[in-house]
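Q: Using the sequences and the hints, build the whole thing.
Going down the list, the protein sequences come from chains A and B.
Counting with the numbering used here, you get residues 1 to 751 for the letters of the first sequence.
Counting with the numbering used here, you get residues 1 to 238 for the letters of the second sequence.
One thing to keep in mind: the hints can contain errors.
Unchecked claim - According to the in silico footprint, chain A covers these stretches of chain B (three or more CB under 8 angstroms from chain A): (1) 23–30; (2) 128–140; (3) 179–192.
What the hints assert, rightly or not - Partial selection, computed: residues in chain B whose CB lies under 7 angstroms from chain A: (4) Thr20; (5) Ala33; (6) Val34; (7) Gly221.
What the hints assert, rightly or not - Cβ-Cβ distance ranges computed for the label pairs, FRET-style: (8) B:Pro235 x A:Gly708: 19 to 27 angstroms; (9) B:Gln45 x A:Asp458: 41 to 49 angstroms; (10) A:Ala575 x B:Ala48: 34 to 42 angstroms.
These aren't lab readings, by the way, just hints derived from the structure by calculation.
Backbone N, C-alpha and C fix where the C-beta goes; we use that ideal spot for every residue, glycine too.
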Amino acid sequence: MQLHRHALFASLVVAAPIAAADPPPLTPAGPAGPQLPAPADPVTIAITGRVVDAQGHPVAGATVVVEGAATPLRTGPDGAYHLDGARPGATIAVDKDGFQTGLGSVAGPAIDDIALASLEHNAETIEIHGDPPPASPGATKLDRSEAERIPGTGGDLVRTLTALPGVANTQRPSSMSGIVIRGSAPQDSKILIDGFEVPLLYHAIGLRAIVPTESIASLDYIPGGFDVGYGRAGSGIVALTTRPGEAHATEQAEVSLLDGGVLAQGAAGGATRYMLAFRRSTIDLLLPHVIPSRVNLSLTTVPYYYDVQARIDHDLSPHWQLALSAIGSLDALEIFADKAKNPDKRFFDETEFIRVTATARWHDGPWSATVAASEMPEDIDTERGAVQHIDAKRLETTVRGELTRSADHAAGLVDLSWRLGAEADVSRYHLDLAIPTPQHNGVLQTMRDPNDVSTRFDGVVWTPDFAAWTALSAGLGSRVRLTTGLRIDGFDRSGEVAIQPRGQLEIRLADKTTARLAAGAYRRPAEYQDELLTSLHSEHNTQLVAGLEHEPREGIRIQPSIYYTDRSHLVSNDASGQLGNLGRGTTYGAELLATLRGGPWFGWLSYSYSRSTRVDYPGAAERLFEYDQTHNLNAALSWRRDNWQLGARFELYSGLPYTPVTGSVYDSDANFYHPIYGAADSQRTPIHHQLDIRIDHTWHPAGIALTGFLDVQNVYLNDSVTSYSYSYDYSQRFSFVGLPILPTIGVRGVL
Amino acid sequence: MKAGVVLVVVVAAAACGNDTDPRWQLHHDRIIAVRTTPSHVAAGQLAALDALITSIDGGLAVASPVQAASPAAPPGLEAAVAGDGRGGWQIAAPDAATLDAARAALGLAPGAPVPLDLAVTFDVGGELLAATKRTWLGEPRDNPAVGPVTIDGTTPGAAITIPFDTDVALAIDVDPTYPVNWLTSCGSLNSDDNEHAVLLHVERDDPTSGQLAVVVRDGDGGVAWQTWSIDAPPPAGR
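A: This is the structure we're talking about:
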């Protein structure tokens, strides 16, 4: 099987468009008069936006500077502006006499209104905000165009997470329900799409995110110190925003050796935009042909996946915006480790979910509000051998609302924003389980008795969780801004009320230097895996994060940060194996993210140092956390000129701790070996390093912009060990090695 | 539940791709099966304790344990495991009254067999290997019989010669609920734990002579085995 994994990964991935876009319509007459669509540049987009004053009235004659654009724009009588060649992620600065400078960013073709605050400090002047929560120390936002400039991701925006500071890295492309951020467990961080949690980030074969890059507008990464609006998480947040439809319609299709998909987006009428996308794996068509016949393996259902994304945005009125989105994913496989299809050697897994979310946004003067409802059915069906199985059906219903009131001045404070929110999240699980008893203390869980069904459950579990929060953000003069908030979660299953104060202090030390300090309490309810079978209490986390953001010159940003997390009431086993809120732990570390965006250059440097430890129960020895990664370095540099783009990325990171097996005892009746473990997580796999490269070239044959790319991971074939496993009797050990060279070749075309 | 599920997938992949000895390989130091004879021991009766072992140097052998104990024996059964005076070990089921007391202590129904967990150690190729086994006291029961075996469609003698570089079918007729394991040091086995679909294949680079074994378990502590010497002479000139 390992041979074929390598053969699979070494396969050339070819992505080619099989349909092109409709020609875009003429742009309506704007301040600069009628405009013909410029030849599409695959790394820029056409944008439209509006500048308004604090009362929402259009501001005419304002100067709009879009980062990277050759000349400034001026707003028309309706406050509108338009630019054909804006780079996603670029900063927008707006100036107008009598107003403070307004800022925005290119997050998509339709730019949110940029509201200018008056320079006349009138306490009764009010301003529309609807601002996002304040940026946390170390937080980062990525968009599609930047993902394409980081080699080694295959153009997958979500996989750029591996280049971010604080994210533990492993070479193995395995699917996980979460990511490991700042020495936390995967379940401690939340993955949100359009504001709501999804159960997994990658398809089961691990090479693709469940949302293709073309369906994503942006990715927000908040490694810690996050706002009261986020809950039921103890570590970090990864928030994906799906791509809204654009003013002009396009359709595209793409196929590769891994998968193929279609996407259509555009506008229906003046107020409605849509985006629809569907993707299906193609790997299941190829895999049976690359497995040699001598391998004792039967792939009854070759691994395959589907995913679907849909989004409709509708501007109901100047005050109301509606959005409806749906995200779905399905993965399935069935393997017999035996050509005779012996039931004892069967593994079957089918995981599917769909999340449907409806959101309404309203603003009127100083007030704004968001109300959203979301529902997610999820079905996990896993069978191993003849007796072990998990059949978990979940229906999650979430309702959330948040009200914001903004003001320029009040009680001696400036630029105030007060938020009040509430959420109800209720899940109903129907669980039918027969599995080995899970271990929570870092011991190897890989070689288990296939007949071990020591944990059995067949019933219904409800997890009603409720929350309310409030936050006040205000400037204390021109250089200091304080945000303070309180979140109260009610975890009904365990009968807990969790009070979590959080705050952030932002100090502008100099014109281009800002310091941020965040501290807060965070709770994660015990609702992950077998925790559902218990009435355990939530895990407690206290975070302290300090960071600096410095821009020594335009296009260069440096973000160092340090953090400390104290954990208690962690779910763990005691010496007798009894599960409880017994564990505690600490994590501390330092991170650096430096980015360069200037001229033809795009540079990226991230480094993380971390130490994460656990004490599983009172009196137990301290051990390393199983995802502790001491060092993690990512350096990427990309150069673009004319029709060429060249890039390289180097990664170096520590191996993860593991628990060695020192011997075994043979159960003769079961014909099974029970391992004898050494000290938990007392050894570590070797350091890994690899180099990835990427080359892009663009042609314009017959009015079509064609971009071909070659993305090669691990060009010097470093196959360092990622983990170890053992023979059936634990007398022999063997290694998992990292990915072999993985080239991805693709072509994109735009009419 | 997702993380655990994926872990299993990854491990399955690893298990298929590693270069460690497969379970059917007899050219390996290990205990294959621990046996008490009889399988369940009636009150006042004795049972012998031995095992089928295999070692890289010595191949298959039936061996007595170098150490045996029942560290968690029910009350009154602490001395049930003892030396047999000939260098081996045996199980001595106590009288009915002692067994009744053990049943009461364990909360068992009157007349129910009393479990006795054994911890045994064997010298395999100069290394001490540990194993556990459960035997039952208070009722008599024999180990299962090794059913009729066919190799390449014929009933084998003590020594077998099979064709080289050819799939050879191994079959045993036993209760379909009984787990069956085939093992060899000559060639390779496909579906070694399937009583009807096992294929033995000897090809270039394989040893052309060795041993073959089949082990049958009844799922209730009973175990039996049969062994053969085996040859697969390559064609002349190879």
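Q: Now tell me if each hint is right for this structure.
A: Structure-based check of all given hints:
Three residues within the 8 angstroms Cβ limit are the bar, and the segment 23–30 of chain B against chain A gives 4, so the coverage statement holds. Counting residues of the segment 128–140 of chain B whose CB lies closer than 8 angstroms to any CB of chain A gives 6, so the stated coverage by that chain holds, three being the minimum. Counting residues of the segment 179–192 of chain B whose beta-carbon sits less than 8 angstroms from any beta-carbon of chain A gives 4, enough to reach three: the coverage restraint holds. With its C-beta approaching chain A no nearer than about 4 angstroms, Thr20 (chain B) sits inside the 7 angstroms limit, and its interface hint holds.
Taking 7 angstroms as the C-beta cut-off, the interface hint given for Ala33 (chain B) holds, the closest approach to chain A being about 6 angstroms. Interface restraint check for Val34 (chain B): the shortest CB-CB distance to chain A comes to about 4 angstroms, inside 7 angstroms, so the restraint holds. For Gly221 (chain B), the interface hint holds, since its Cβ comes within 7 angstroms of a Cβ in chain A; the closest pair sits about 6 angstroms apart. In this structure the hint that Pro235 (chain B) and Gly708 (chain A) lie 19 to 27 angstroms apart at CB is violated, the actual value being about 54 angstroms.
A hinted range of 41 to 49 angstroms holds for the C-beta pair Gln45 (chain B) and Asp458 (chain A), which are about 42 angstroms apart. For the pair Ala575 (chain A) and Ala48 (chain B), the supplied restraint of 34 to 42 angstroms holds, since their beta-carbon distance comes to about 38 angstroms.
In this structure, the one hint that does not hold is number 8.
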